[in-house]
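Asker: I would like the entire structure built from these sequences, with the hints used as guidance.
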Amino acid sequence: MKYTILVFVKQVPDTQNITGDAMKADGTVNRAALPAIFNPEDLNALELALQLKDRYDAKVTVATMGPPAATEVLRNALYRGADEAMLLTDRAFAGADTLATSYALSCVAKQIKPDLILCGRQAIDGDTAQVGPQLAEKLHVPQICYVEEVVALDSGKITARRAIEGGYEILESPLPCLLTVVDANTPRPEAAKRIMKFKRAVTPGELKKRFADADYTEAGDLAAAESSLAAKGLIIKELNAAAVHADPKRIGLAGSPTKVKNIESVVLSGGEAKEVAATAEGINLLIHELITDHTLG
Amino acid sequence: MTQKIGNVWVFIEQEGGKIADVSLELVCKGRELADRLKVKLEAVLLGDKIEKLADTLYSYGCDTVILAEDKRLEPFTVLAYARVIMDLIKAHKPNILLFGATMKGRELAPRIASEKLAGLTADCTNLKIDDFDDKVNGKSYKDKLMQIRPAFGGNIIATIVNTWDDPQMVTVREGVMKMDRPDASRKGNLVRVDVSLTDAETAIKVIKRVREEKSVDLKGAQIIVAGGYGVGSADNFKLLRKLAETLGGEVAASRAAVDAGWIDHDHQVGQTGVTVRPKLYIACGISGAIQHRAGMAESKKIIAINTDPNAPIFQIAHYKIVGDLNDVLPKLINAFKAKVQ
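As given, the protein sequences belong to chains A and B, one line each in that order. The opening residue of the first sequence carries number 1 in our numbering; numbering runs sequentially from there. The opening residue of the second sequence carries number 1 in our numbering; numbering runs sequentially from there.
The set of hints was computed from the structure by calculation and includes no laboratory data. Quick reminder that beta carbons are idealized off the backbone N, C-alpha and C, glycines included. Any given hint might turn out to be false.
Computed far set for chain B versus chain A, every beta-carbon distance over 10 Å [said to hold, decoys possible]:
1) I5
2) G6
3) I19
4) E69
5) P110
6) A113
7) D183
8) Y229
9) A234
For lysine-lysine, the following BS3-like pairs were computed, each having C-alpha atoms within a straight-line distance of at most 27 Å [claimed, not checked]:
10) B/K205 with A/K53
11) B/K331 with A/K261
12) A/K59 with A/K2
13) A/K249 with B/K135
14) B/K135 with A/K157
15) B/K71 with B/K52
16) A/K53 with A/K208
17) B/K205 with A/K110
18) A/K208 with A/K237
19) B/K331 with A/K274
Pulled from the structure, derived: some chain B residues nowhere near chain A, Cβ distances all over 10 Å [as the list claims (entries may be wrong)]:
20) C28
21) R31
22) L67
23) N162
24) D194
25) L197
Answerer: Spelled out as structure tokens, the structure:
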């Protein structure tokens with residue numbers, strides 16, 4: 001393989017379609033009521049990686065940090081064309097802010113030593129857009145943010161078009177390099193053949209749980225099943241903090257400089273709207289009132 | 001404790017020698033924070049041949065302008081800017097560092113915060129100074145920066161505090177801090193700094209750069225006529241334009257209308273667009289999703305027109321008109337014309 005591409009993705013609650021059920025009576029968000037989805041711009045990052053794989057000789061690895069349930073987005077990435085997937089999961093990562101998150105992800109990247117690291121510009125649960133640039137800094141590599149397309153990839157450098165305020169830039173950077181990708185391509189759908197193959201892809205944790213749930217299995221079956229799946233490329237790697245040599249002081253809550261002091265629900269300012277009849281008379285009165293109080297004219 | 005705290009810094013974003021509005025908004029907010037903490041307000045200005053901008057920054061309230069001029073700082077590239085600012089932070093130890101939550105600010109600030117191991121809060125909509133009791137860790141902090149931002153798609157508002165090393169870093173949304181009037185009699189000090197960059201820090205080359213000024217100035221508009229998904233088509237926006245023209249205002253849109261391709265993104269108001277606070281905001285066929293309200297709820301007067309009497313937009317409107325735009329907008333146009341003639 002000529003290029004190794006690592007794409008970081010995230011499973012997020014679908015904050016863009018919050019319905020009544022998702023808000024609890026106390027005004028906080030009921031995460032459980034929201035569907036978990038593939039972060040939209042991470043799909044754009046994956047698509048860009050797969051386009052590069054189509055154009056050049058590249059291997060695409062997808063990684064995510066999250067609870068075991070996040071394996072779902074990894075399988076989805078395999079359905080769309082990723083070559084390999086890995087789950088970074090450990091209770092010790094919980095409560096991480098963007099600094100601690102970028103550190104944890106950098107520990108994974110250091111093991112893979114990719115030529116290119118791709119992330120979506122931002123995740124829709126936090127909308128910070130910070131993890132990409134922070135990860136680039138942790139890896140001491142250049143970053144190109146808001147990438148729309150890769151113009152060329154050759155002889156140790158990448159040329160990419162990225163959005164700037166009011167226009168675009170074509171930038172050139174040496175490899176390795178990190179790109180954050182915006183919603184500027186159409187992610188390919190899952191391929192039926194790949195779904196047939198990779199729907200059986202599991203993490204060792206999922207496999208173990210499946211065996212624990214079934215009471216008829218023999219000792220030794222688990223190991224046999226795992227090696228059989230591994231031989232077919234159907235084991236999704238599962239890494240904990242120790243496996244990626246993460247410093248416990250730099251991950252999770254302990255590694256997060258920002259603390260949440262308090263959270264309030266957004267309360268509508270509740271001023272009572274004055275009803276205006278949609279008649280010529282009603283609207284004449286409204287305009288008269290707005291001119292009188294100098295809002296208009 | 002009589003430990004001296006550092007100053008308040010604002011990163012000044014400039015493009016072609018013009019200071020971004022958000023930077024001046026932050027200078028005004030920074031002045032307030034610096035006065036509260038009894039420290040200086042200092043601007044960090046990077047680019048090439050931009051010394052003349054210092055007078056503008058003094059007039060908005062800066063005590064000091066820290067100026068780094070170098071050919072390699074024009075146009076903006078993130079690694080070079082991050083290096084210069086990082087060196088300045090190490091040398092001067094500011095207490096607070098504010099960035100606009102622009103495309104540049106949002107790629108530059110995290111790069112610096114990561115190297116400095118400092119906390120960074122994105123997209124703040126309010127800032128204030130207050131004490132913080134960290135009950136979890138049993139520590140209390142005096143005079144910290146309260147970093148207030150919407151989260152979870154705008155459905156909650158979180159107050160965040162940075163408990164590690166200074167500076168306390170934030171990016172702040174454009175248009176949410178009020179810009180005060182400049183006072184040309186204010187003076188300040190210019191501190192010129194040397195720029196030293198390695199090859200690695202200038203490794204990103206700008207091959208081509210294409211830019212146009214925004215086609216519309218929503219932030220400066222006193223009257224805004226905005227359309228949402230209920231407008232129905234690009235063609236129907238003509239009626240909104242006619243009303244805006246009649247009233248002397250600008251046309252804006254919700255994300256739904258922009259995503260539908262009926263109008264350009266420059267016109268978008270809301271969380272992923274511009275924040276506005278005009279004298280009058282006329283919301284036409286806008287349901288009032290929280291992301292849209294975040295960008296216009298502080299308008300002085302809001303008229304909402306919608307066929308759905310239960311649309312959430314009515315909860316923040318001052319005037320509620322239940323009806324069809326094609327019927328209501330011509331009536332508004334006629335009524336205004338009749339009054340002013």
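Asker: Hint by hint, note whether the structure agrees.
Answerer: Results of checking the hints against the structure:
| no. | hint | result |
| --- | --- | --- |
| 1 | I5 | holds, 17 Å |
| 2 | G6 | holds, 16 Å |
| 3 | I19 | holds, 14 Å |
| 4 | E69 | holds, 22 Å |
| 5 | P110 | violated, 4 Å |
| 6 | A113 | violated, 7 Å |
| 7 | D183 | holds, 27 Å |
| 8 | Y229 | holds, 14 Å |
| 9 | A234 | holds, 21 Å |
| 10 | B/K205 with A/K53 | holds, 24 Å |
| 11 | B/K331 with A/K261 | violated, 49 Å |
| 12 | A/K59 with A/K2 | holds, 8 Å |
| 13 | A/K249 with B/K135 | holds, 19 Å |
| 14 | B/K135 with A/K157 | violated, 49 Å |
| 15 | B/K71 with B/K52 | holds, 16 Å |
| 16 | A/K53 with A/K208 | violated, 33 Å |
| 17 | B/K205 with A/K110 | holds, 25 Å |
| 18 | A/K208 with A/K237 | holds, 13 Å |
| 19 | B/K331 with A/K274 | holds, 18 Å |
| 20 | C28 | holds, 21 Å |
| 21 | R31 | holds, 24 Å |
| 22 | L67 | holds, 23 Å |
| 23 | N162 | violated, 5 Å |
| 24 | D194 | holds, 23 Å |
| 25 | L197 | holds, 13 Å |
Consistency note: the structure conflicts with the earlier hints numbered 5, 6, 11, 14, 16 and 23.
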